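Trainee: Now for the letters of each chain:
Protein chains: 2
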Amino acid sequence: MNAEIIAVGSELLLGQITNTNAKFISSQLSELGINVFYHTVVGDNSKRLDEAITVAESRADCLIFSGGLGPTKDDLTKETIARHLGVDLAFDEVALTYIKEFFARRGRAMTDNNRKQALVLEGSDVLANHHGMAPGMILTKNGRTYILLPGPPKELEPMFQFEAKPKLVALLNTDGVISSHVMRFYGIGEAELEDRVQDILDAQTNPTVAPLASDGEVTLRVTAKAETESEAQRLIAAKVAEIQAIVGDYQYGMDDDSLASKTVEMLLDNELTISAAESLTAGLFQSELAEIPGVGGSLIGGVVTYTEGSKVKQLGISQELLDTHGIVSSECASAMASAVRTKFNTNIGIGLTGAAGPTAHDHQPVGTVWIGIAINDEEPITYLLHLSGMRNTNRLRAVKFTCHYLMQLLVERGFSKR
Amino acid sequence: MNAEIIAVGSELLLGQITNTNAKFISSQLSELGINVFYHTVVGDNSKRLDEAITVAESRADCLIFSGGLGPTKDDLTKETIARHLGVDLAFDEVALTYIKEFFARRGRAMTDNNRKQALVLEGSDVLANHHGMAPGMILTKNGRTYILLPGPPKELEPMFQFEAKPKLVALLNTDGVISSHVMRFYGIGEAELEDRVQDILDAQTNPTVAPLASDGEVTLRVTAKAETESEAQRLIAAKVAEIQAIVGDYQYGMDDDSLASKTVEMLLDNELTISAAESLTAGLFQSELAEIPGVGGSLIGGVVTYTEGSKVKQLGISQELLDTHGIVSSECASAMASAVRTKFNTNIGIGLTGAAGPTAHDHQPVGTVWIGIAINDEEPITYLLHLSGMRNTNRLRAVKFTCHYLMQLLVERGFSKR
Numbered sequence: 001m002n003a004e005i006i007a008v009g010s011e012l013l014l015g016q017i018t019n020t021n022a023k024f025i026s027s028q029l030s031e032l033g034i035n036v037f038y039h040t041v042v043g044d045n046s047k048r049l050d051e052a053i054t055v056a057e058s059r060a061d062c063l064i065f066s067g068g069l070g071p072t073k074d075d076l077t078k079e080t081i082a083r084h085l086g087v088d089l090a091f092d093e094v095a096l097t098y099i100k101e102f103f104a105r106r107g108r109a110m111t112d113n114n115r116k117q118a119l120v121l122e123g124s125d126v127l128a129n130h131h132g133m134a135p136g137m138i139l140t141k142n143g144r145t146y147i148l149l150p151g152p153p154k155e156l157e158p159m160f161q162f163e164a165k166p167k168l169v170a171l172l173n174t175d176g177v178i179s180s181h182v183m184r185f186y187g188i189g190e191a192e193l194e195d196r197v198q199d200i201l202d203a204q205t206n207p208t209v210a211p212l213a214s215d216g217e218v219t220l221r222v223t224a225k226a227e228t229e230s231e232a233q234r235l236i237a238a239k240v241a242e243i244q245a246i247v248g249d250y251q252y253g254m255d256d257d258s259l260a261s262k263t264v265e266m267l268l269d270n271e272l273t274i275s276a277a278e279s280l281t282a283g284l285f286q287s288e289l290a291e292i293p294g295v296g297g298s299l300i301g302g303v304v305t306y307t308e309g310s311k312v313k314q315l316g317i318s319q320e321l322l323d324t325h326g327i328v329s330s331e332c333a334s335a336m337a338s339a340v341r342t343k344f345n346t347n348i349g350i351g352l353t354g355a356a357g358p359t360a361h362d363h364q365p366v367g368t369v370w371i372g373i374a375i376n377d378e379e380p381i382t383y384l385l386h387l388s389g390m391r392n393t394n395r396l397r398a399v400k401f402t403c404h405y406l407m408q409l410l411v412e413r414g415f416s417k418r
Numbered sequence: 001m002n003a004e005i006i007a008v009g010s011e012l013l014l015g016q017i018t019n020t021n022a023k024f025i026s027s028q029l030s031e032l033g034i035n036v037f038y039h040t041v042v043g044d045n046s047k048r049l050d051e052a053i054t055v056a057e058s059r060a061d062c063l064i065f066s067g068g069l070g071p072t073k074d075d076l077t078k079e080t081i082a083r084h085l086g087v088d089l090a091f092d093e094v095a096l097t098y099i100k101e102f103f104a105r106r107g108r109a110m111t112d113n114n115r116k117q118a119l120v121l122e123g124s125d126v127l128a129n130h131h132g133m134a135p136g137m138i139l140t141k142n143g144r145t146y147i148l149l150p151g152p153p154k155e156l157e158p159m160f161q162f163e164a165k166p167k168l169v170a171l172l173n174t175d176g177v178i179s180s181h182v183m184r185f186y187g188i189g190e191a192e193l194e195d196r197v198q199d200i201l202d203a204q205t206n207p208t209v210a211p212l213a214s215d216g217e218v219t220l221r222v223t224a225k226a227e228t229e230s231e232a233q234r235l236i237a238a239k240v241a242e243i244q245a246i247v248g249d250y251q252y253g254m255d256d257d258s259l260a261s262k263t264v265e266m267l268l269d270n271e272l273t274i275s276a277a278e279s280l281t282a283g284l285f286q287s288e289l290a291e292i293p294g295v296g297g298s299l300i301g302g303v304v305t306y307t308e309g310s311k312v313k314q315l316g317i318s319q320e321l322l323d324t325h326g327i328v329s330s331e332c333a334s335a336m337a338s339a340v341r342t343k344f345n346t347n348i349g350i351g352l353t354g355a356a357g358p359t360a361h362d363h364q365p366v367g368t369v370w371i372g373i374a375i376n377d378e379e380p381i382t383y384l385l386h387l388s389g390m391r392n393t394n395r396l397r398a399v400k401f402t403c404h405y406l407m408q409l410l411v412e413r414g415f416s417k418r
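From first to last, the protein sequence lines are chains A and B.
Number 418 marks the last residue of the first sequence (UniProt numbering); no jumps.
Number 418 marks the last residue of the second sequence (UniProt numbering); no jumps.
No lab work stands behind these hints: they were computed from the structure.
As the structure is a computational prediction, the values presented were derived from the model and not from experiment.
Some clues are possibly wrong.
Identical chains share a label here; the pair holds if one copy fits it or two copies do between them.
Said to hold, decoys possible - Simulated pairs of lysine to aspartate or glutamate, DMTMM-like, Cα-Cα distance not exceeding 20 Å: (1) Lys154 / Glu217; (2) Lys73 / Glu194; (3) Lys47 / Glu57; (4) Lys225 / Asp202.
Only chain A is shown next, with the shape it has when bound in the complex (with noise of 0.2 Å):
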């Protein structure tokens, strides 16, 4: 089965909002082994749609369509896919009952135009909205399969999850199974890491190796086809471990993990508390390490001490040190590092400093950055980074490079690592 995704929505081709839903469902359709060959955006408009449905119908043999059927009149989807196959839309029951509710719950009179949330194409399986009003959709017709999902990514995610993808399983009716898993790397550019398995790179069959580098990490998909799902992880695991016999070092994590996900993981696992002292940064790691549900266990808290003053008074690091060696050295990072970890009793504490740009700070160029880590009563270590990209890049680099460096520091000192 090869599929086409098209998201309908004139403020995608206005360059309003980036068509996010397109990447999600790509990438759940390449986890069940349906190919997809083309994206396509379309705006609120009945006829170019229709003509896009055309060129789909010509290339591809599964059809899956984002937005377009909300309440209002730009709002012209499945009129449009009704009209262009020849189908009723008929009011589905069960959805006019629960935009009936959701106005009745939230005490809000029910306009007119919500009913047309109900319409459905005829004959069509109907996808439960459980986050939004609009039901989805999906039909087979003349051997082609069509997909109907609302545009808000809230809405759609789930609905694909949960309502679309089991139907279209079942569709499939496929003799094998594609897995695949995302090896994660930090710490190593896209180049070099390829570089140092390029003979796995040219020898690749079965499982496929394949290279993504975004945001400063690399990340290789390992991809295999199988008779049976336990037999296609077999062969991943097998080329996962071929891998990590020649870069695991730089290996931080598989698939959804990110880097402070494996950082917090790791502390919990070691029973380590955290805190920090973030210039630079101002709050970013801790905000960072607090998007992981339960790093309440090890995160105490911290402080953000953005200017000179406050580094003095609210760490108590001496204004002579600052004098000498600056605001941007290893010896106020690492003195950071250890205040703050005395300050808030745990066994980790981290400074942070940098220039983190337009400017240069404290005669420091753009893009120099410390970053202090001490462990228990240990003298600190300190790290120095030179980042090339902007503010906001470098203050979130600064804060991946910390995790990096502080999973590596742990490993090290003998630490557990899942």
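We have chain A already, so just place chain B on it with the hints.
Mentor: Below, chain B without anything else, positioned relative to chain A:
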């Protein structure tokens, strides 16, 4: 002129990355008054790319390609277009020299496949790449314009703005201009905003007014067509004033403003210093302010007090208050705001506490957030939110509402807002 944007890259179809280039180019074209009727994404496959070009030529007179200009054998955009148009590829000496110097500067050996990046379509205008190696191209043939841009956004965006756009404007040879501005609102839902400006939306001709909601914010894009730029700006200003008369209370800014940038601007303009004590947001409020260059004139710093103990120990909040009212309470947010203001000796102190999710916290349901704002010696004001998103959406919304309420409060106190 109407344009189609064709992104080339299998990683897009696999759902590994999002097509942010299409959004960027679309918003740029929208400002030039160039219609975009379709976006297409196609993989690194010469045959399918060729077919996509044929389809696009049937419906657009400007084709803009992103991606596939790199050194690897997967990169085949210009080769495919050359074959499609019957045009030769030739080495561009300027680009070749630039690539050689690029490697020399980094002290790395230039591999042979990198030469391929200097190949350009014969007869095209070469677009310099100041942030990478592969040059772009613009070529007019058979009455159609073909623009080739590299895939990485940090290369594509400046190349489009500074190299391609001026050439595109010259081609347009337009009689009039189209300009637009975006009005930004917070603290009001999309439906309510639309309802209140319904008469304006119904009567719109020139300027047009288009609403859009995302990330808890609502915007109105006001677009005018006129003989001259100044006439377009005059039309927009009049319409903006008309809208402001109705819903101006909720408007926080225009165009590229963010809640954080406007908050920082207001703090700096009024010479107000700020500090924050953060629990559920764990540094995110301070970090968002720190995204804005120059914030060091106002943001002194603050504390993250993620645990109950750290609220007592670092901020001196009484255990009795926490036992009586709980951590997620008006009293706690108020005490946090006061304490951090005193500790950092700032004009304003912010306190943020709540249950971000995924589970209830301190017996309060997920999404309950208390914001405390202390201004000078006044009794702190507190605000209660009931948010319905996921953990990190709730954390970000809490930060946005803090900016929104803080600006409202400062306006009420007579401080100036641009």
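Trainee: Can you give me the call for Lys73 and Glu194, within, between, both or neither, at a CA distance of at most 20 Å?
Mentor: between (51 Å within a copy, 14 Å between copies)
Trainee: Is the C-alpha distance from Lys225 to Asp202 at most 20 Å within one copy, between copies, in both cases, or in neither?
Mentor: within (18 Å within a copy, 55 Å between copies)
Trainee: Within a copy, between copies, both or neither: which one fits Lys154 and Glu217 at a CA-CA cutoff of 20 Å?
Mentor: This pair counts as between: shortest inter-copy Cα distance 16 Å, intra-copy 26 Å.
Trainee: At most 20 Å between C-alpha atoms: does Lys47 with Glu57 qualify within a copy, between copies, both, or neither?
Mentor: both (16 Å within a copy, 17 Å between copies)
Going through the hint list in order, the structure satisfies each hint without exception.
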